Amino acid sequence: MTQIFLAAALVGVLSSDTITIGQFMFSRPVVVGPLVGLVFGNPYIGFIVGVCVELIWIRVIPVGVSVPPDSAITAAVSAAAGSYAMGKFGVDVYSAIIVSLSFAIPCGILFKMAEIKIRHRNSLLVDKIKASVAAGRFDRTDFYTAVAVVRIFAVSFVFFIAAFFAATQIPSCCWHIFEILGISSKIAMRFVYILCFAQLFESFIKWK
Amino acid sequence: MEINGNFRKILKKVFARSFLLQALWSYKGMQNIGFLYAIKPVLDFLWRDEEKRKEAYLRHLDFFNTHPYCASYILGITARYEREFAEGIKGASAEKIVNTKKILGGPIAAFGDSMIWGVIRPFAAAVAVVVIFIFSRDINLMWLGPSVAFVVFNFVHIRMRYRGIISGYTKGEAAFGEVFSGRSQRFFNFLRTLGIVIIWFLLVKGFMRVSTNVSAKIAYPAFFLIMVFLMRKFSAVFLFYFAVVIGGIFGRFYH
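Chain order of the listed sequences is A and B. Under my numbering, residues 1 to 208 are what the first sequence spells out, in order. Under my numbering, residues 209 to 463 are what the second sequence spells out, in order.
Hints in this document: simulated from the structure, not taken from any laboratory. Heads up, some of the hints might be wrong.
With a cut-off of at most 30 Å between alpha-carbon atoms, the simulated DSSO-like pairs for lysine-lysine come out as follows [unchecked claim]: (1) Lys413/B - Lys379/B; (2) Lys262/B - Lys304/B; (3) Lys425/B - Lys128/A; (4) Lys413/B - Lys128/A; (5) Lys425/B - Lys130/A; (6) Lys236/B - Lys130/A; (7) Lys186/A - Lys425/B; (8) Lys186/A - Lys88/A; (9) Lys130/A - Lys441/B; (10) Lys310/B - Lys112/A; (11) Lys236/B - Lys117/A; (12) Lys217/B - Lys112/A; (13) Lys304/B - Lys130/A; (14) Lys117/A - Lys260/B; (15) Lys130/A - Lys413/B; (16) Lys217/B - Lys117/A; (17) Lys304/B - Lys128/A; (18) Lys128/A - Lys441/B; (19) Lys310/B - Lys413/B; (20) Lys379/B - Lys441/B; (21) Lys117/A - Lys130/A; (22) Lys217/B - Lys260/B; (23) Lys298/B - Lys128/A; (24) Lys220/B - Lys186/A.
Chain A side only, calculated, beta carbon under 10 Å to chain B, not exhaustive [as the list claims (entries may be wrong)]: (25) Leu6; (26) Leu10; (27) Val13; (28) Val158.
In this text, all values refer to a predicted model and were calculated from it rather than measured experimentally. We treat Cβ as the ideally placed atom computed from N, Cα and C, and that holds for glycine.
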């Protein structure tokens with residue numbers, strides 16, 4: 001349980017970097033994945049998951065009003081769920097990665113919806129801040145900015161715990177799907193890698 | 209415009225606060241609250257009279273949006289124009305401040321989106337991936353991947369944020385010369401080309417050499433080309449599940 005709360009706190013801090021504070025790249029999947037994997041005792045799965053999530057959505061960029069799926073949450077949930085499945089069900093690393101990614105990608109999209117909701121709520125603050133300034137309360141900007149930082153931490157923290165709990169409910173047969181169907185998960189994983197590199201390749205060509 | 213001792217401290221505060229530019233991003237004003245939050249130390253220093261300060265705050269609550277890193281140039285220029293306006297320098301006005309922000313936001317955003325999100329971010333990711341794969345047998349050395357990417361990305365990021373504020377303030381609109389200069393374009397083109405070389409290195413090393421199976425040697429590059437073709441028509445999420453299904457079928461019959 002301590003491990004889960006520690007990971008959730010870490011995700012809360014790292015997720016704040018996505019938009020709210022800095023955008024230093026702490027929130028990139030290639031950083032979040034290994035760190036969450038490390039908390040769960042399996043940084044290797046975190047590295048592979050981080051690389052995959054980073055590259056799958058590398059071409060999706062936050063231009064204007066568009067909100068991309070949250071890659072930090074996706075990498076965190078995937079690394080945590082994959083590590084959990086390897087420890088509990090003894091699945092091989094590639095099966096754990098593919099199944100956990102298949103589960104975590106919708107989580108990233110769900111978190112994007114939460115982000116959109118937050119942005120709608122922020123719209124209400126514009127009028128509130130204008131009214132505060134008109135009343136001579138100049139420090140309200142600082143106050144609301146601090147609230148925004150705490151809020152994104154709390155939302156990420158709770159979301160990660162909920163998503164991880166949901167991942168633990170995935171039945172054993174789903175984690176062993178490749179074994180049951182007689183599929184080489186290593187070969188299937190190579191196709192995911194190819195998709196990732198194709199995305200990266202296209203991202204350099206796209207802006208020419 | 210020269211930066212004196214007191215104002216340098218204020219610009220450093222603006223630099224620190226610029227990292228929270230998007231904390232209260234909204235559909236109504238986009239980065240307007242963040243911009244006000246960042247420029248606040250300048251306004252508090254220049255406008256001691258409460259009514260004047262209110263006006264200054266309110267003019268920065270107009271709609272504003274640009275690339276978060278490149279916004280530093282606009283913050284620097286705005287700080288300069290606010291000072292000129294507060295000191296009553298000829299030609300300075302509230303309209304000039306508001307219009308400059310409106311006019312510069314779009315072009316700066318276009319530059320930031322194409323160069324920062326379109327080149328630096330994928331380049332840093334490519335560097336991380338190549339380091340992770342090179343050291344994939346040693347978990348300790350794999351940490352070099354994210355570390356190197358972090359340094360590469362933030363070298364450009366933090367430099368742009370700090371330099372943007374300082375040159376925006378000292379040079380005014382002439383500061384954009386350094387952003388849109390041929391030298392800067394050449395640097396980004398170099399990174400783009402290097403990125404493509406890295407990807408080819410990863411492809412050749414990662415897939416062609418590991419397989420002795422002829423069908424796999426054909427299937428991997430063919431699938432790569434299909435993906436490049438399909439990604440213009442389908443979303444990244446759809447393609448991920450598509451890759452898993454195709455990989456599963458291939459992994460069932462060709463191992």
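Cross-check of the supplied hints:
no., hint, result
1, Lys413/B - Lys379/B, "violated (48 Å)"
2, Lys262/B - Lys304/B, "holds (18 Å)"
3, Lys425/B - Lys128/A, "violated (62 Å)"
4, Lys413/B - Lys128/A, "violated (57 Å)"
5, Lys425/B - Lys130/A, "violated (63 Å)"
6, Lys236/B - Lys130/A, "holds (13 Å)"
7, Lys186/A - Lys425/B, "holds (15 Å)"
8, Lys186/A - Lys88/A, "holds (20 Å)"
9, Lys130/A - Lys441/B, "violated (44 Å)"
10, Lys310/B - Lys112/A, "holds (28 Å)"
11, Lys236/B - Lys117/A, "holds (13 Å)"
12, Lys217/B - Lys112/A, "violated (37 Å)"
13, Lys304/B - Lys130/A, "holds (21 Å)"
14, Lys117/A - Lys260/B, "violated (35 Å)"
15, Lys130/A - Lys413/B, "violated (57 Å)"
16, Lys217/B - Lys117/A, "violated (37 Å)"
17, Lys304/B - Lys128/A, "holds (26 Å)"
18, Lys128/A - Lys441/B, "violated (43 Å)"
19, Lys310/B - Lys413/B, "violated (48 Å)"
20, Lys379/B - Lys441/B, "violated (45 Å)"
21, Lys117/A - Lys130/A, "holds (21 Å)"
22, Lys217/B - Lys260/B, "holds (22 Å)"
23, Lys298/B - Lys128/A, "violated (35 Å)"
24, Lys220/B - Lys186/A, "violated (51 Å)"
25, Leu6, "violated (19 Å)"
26, Leu10, "violated (14 Å)"
27, Val13, "violated (14 Å)"
28, Val158, "violated (19 Å)"
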